[in-house]
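Protein chains: 2
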Amino acid sequence: MKVLEDRIREEGLILSDTVLKVDSFLNHQVDTALALEIGREFARRFADKPITKVLTIEASGIQFAMAVGIALQVPFVYAKKKKAVTQSEQVYSASVHSFTRQETYQVTISKNYLGPEDKVLIVDDFLATGAALVGLVQIVSEAGAELAGVGCVIEKGFQEGRGLLEQMNVSVESLATISKMAPGEIYFQEPAKVLVKETV
Amino acid sequence: MKVLEDRIREEGLILSDTVLKVDSFLNHQVDTALALEIGREFARRFADKPITKVLTIEASGIQFAMAVGIALQVPFVYAKKKKAVTQSEQVYSASVHSFTRQETYQVTISKNYLGPEDKVLIVDDFLATGAALVGLVQIVSEAGAELAGVGCVIEKGFQEGRGLLEQMNVSVESLATISKMAPGEIYFQEPAKVLVKETV
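Just so you know, the sequences run in chain order E and D. Position 146 of the first sequence, counting from 1, maps to 146 under the UniProt record's numbering, and the rest follow consecutively. Position 128 of the second sequence, counting from 1, maps to 128 under the UniProt record's numbering, and the rest follow consecutively.
Just to be clear, a hint being listed does not mean it is correct.
You can't tell identical chains apart in this list, so a pair holds if it fits in one copy or across any two.
Dumping the calculated BS3-like pairs for lysine-lysine here, alpha-carbon to alpha-carbon at most 30 Å [said to hold, decoys possible]:
1. K2 to K81
2. K180 to K119
3. K82 to K2
4. K21 to K111
5. K2 to K21
Think of the hints as simulated: they come from the structure by calculation, not from any bench.
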């Protein structure tokens, strides 16, 4: 998605070989017009799948799940990172290790809002190690729901996330894939073709 | 906002005299069409103020800040609840006590995304004790930005939040104000008129 790559080039801050900061327009301050455009692009890429629900994880996935939900006219659900006092009913859960924050947390979704009748598109802001997205994929599977695929705004193509998801037979679409970066330089690759392997 | 009150009556779960769960359509699973309608209603109520930025707090305010940002065609910023590794620059911060979670956390916003040039509308899902919103108002003041007001989706009118905000001369608009609730019953009040006091 050219407009996104251009914006990353203009405003992204590369803090190290692995850390890219895009919080001026994606995940702290949010350019609502760009977020809507991102939502429409995901909707276009998964147009052949009958999606009934968008799934993401709090907090930085919410604006993109909302945008895709708007484009597809379906609700979205965001997984929570810890059990709140008001979340008393049964939940699906998965453990996720955050390499950015160096901590393992529990991701939970109420069983009321995900079930075998759902056809789910998972979206998030970043695909890097894939930890959070693998957790969401596990939850979709546990719920007996059908997974249409995973959409990531920015993929760090040099990290293991896509490989892990493809091993699980998950179709992955990223809008900007970084092949390499270092302070002062960033390279994007053409969107990789999705590899759907046969289940053994 | 009648459509919202009706939905709360239909789907809200009243867990106690103070805890209302609306996570089937507002803050876990999100009805995107309703969220957009909420955004348009806030835009309408603050139409006389020249707003340049919407401000909220992660996570459950994001969908409404996004909706208002769409309606007003401005960006939004969401305050973060703890300092992330990638958040190294200077931040505005405020301490907030969560009565739901029984913990005090730090709310932070990068100084890059809020300043004297901004005219800010703060939005959030709930106004109850007002702790989080008072923290955001303090940050807007610290940034030297102009505050257009605070918009809350649901106000618990029997708690102290509105009073605290009005003491700070803040204009508050709530889309559904609960005057009283208990398991099995809920009462809404007409939107209270905003009391803007003179600064002493």
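Right, here's what the structure says about each hint:
1. In the homo-oligomer, the alpha carbons of K2 and K81 never lie at most 30 Å apart, since the shortest distance is 32 Å inside one protomer and 32 Å across protomers.
2. In this assembly of identical chains, K180 and K119 lie within 30 Å of each other by CA distance neither inside one copy nor across copies; the values are 34 Å within and 39 Å between.
3. Taking the closest pair of Cα atoms, K82 and K2 never come within 30 Å of each other, the shortest separation being 36 Å inside a single copy and 32 Å across copies.
4. Taking the shortest Cα distances, K21 and K111 sit within 30 Å of each other only across copies (15 Å), while inside one copy they are farther apart (34 Å).
5. For the homomeric pair K2 and K21, the shortest alpha-carbon distance inside one copy (18 Å) is at most 30 Å, but the shortest distance between copies (41 Å) is not.
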